[in-house]
Amino acid sequence: DSGVTQTPKHLITATGQRVTLRCSPRSGDLSVYWYQQSLDQGLQFLIQYYNGEERAKGNILERFSAQQFPDLHSELNLSSLELGDSALYFCASSVEQSGTQYFGPGTRLLVL
Amino acid sequence: AQSVTQLDSQVPVFEEAPVELRCNYSSSVSVYLFWYVQYPNQGLQLLLKYLSGSTLVKGINGFEAEFNKSQTSFHLRKPSVHISDTAEYFCAVRPPGANNLFFGTGTRLTVIP
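For the protein sequence lines, the chains are A and B, in the order given.
The numbering of the first sequence is the working numbering, which starts it at 195 and goes up by one.
The numbering of the second sequence is the working numbering, which starts it at 136 and goes up by one.
With the rest of the complex left out, here is chain A:
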């Protein structure tokens, strides 16, 4: 158990819908990262927040957004969902802006 929690574990929704994935970092970690794992793209970095502020952006679609709240938990919002958004979404956390990252168990999203 890494100490990073993610909810929900599984999510099934329809195309065009909007979902929110939640992540709670390890106690004391200020940085949160979001990654997407899909069969065709592999593991790809989406976005990073550090102490409430966006720090780095990767291959994140405009339909996706994230935020980090004062209690340091983070949410990833996915809207206008398409079939290709079906994937495993991981959250990771680290103490510093560029520290060793510890991953949560992931949220498996299925878009039908």
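In short, the hints are calculated from the structure, not lab data.
Model, not experiment: these values are computed from the prediction.
Be aware that a few hints might be false.
Derived, one-sided and incomplete: chain A residues facing chain B with beta-carbon distance under 10 Å [to be verified]:
id, residue
1, Q242
2, R257
3, G293
Don't be surprised by glycine CBs; every beta carbon is placed ideally from N, CA and C.
Since chain A is already given, all that's left is putting chain B on it; use the hints.
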């Protein structure tokens, strides 16, 4: 752009045999290197990391990896595997100045009884 190559997508090996999972990265500057393991239906667990210092890094579950700067490699090894080592293994790099990780495509290790 940073890239990580895991040449072997699948590696079958008999129980108690040694194994090496290969990882090469493209970078002319020093990077930080990591190996993560993903057991079926679970998240990524950190096996080991190289940040600096000794090029031979020991991790959890009896795994070790050797950083070779001239060959830009960071191969993962275990002298004797167990059934419980069956999982997907990911090599990752973090270039200097970057906060995120770049992952390889993964190697599925299957330990055969």
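Right, here's what the structure says about each hint:
1. Q242: 5 Å, holds
2. R257: 20 Å, violated
3. G293: With Cβ-Cβ at 9 Å, under 10 Å, it holds.
Violated hint: 2 only; the structure is consistent with all others.
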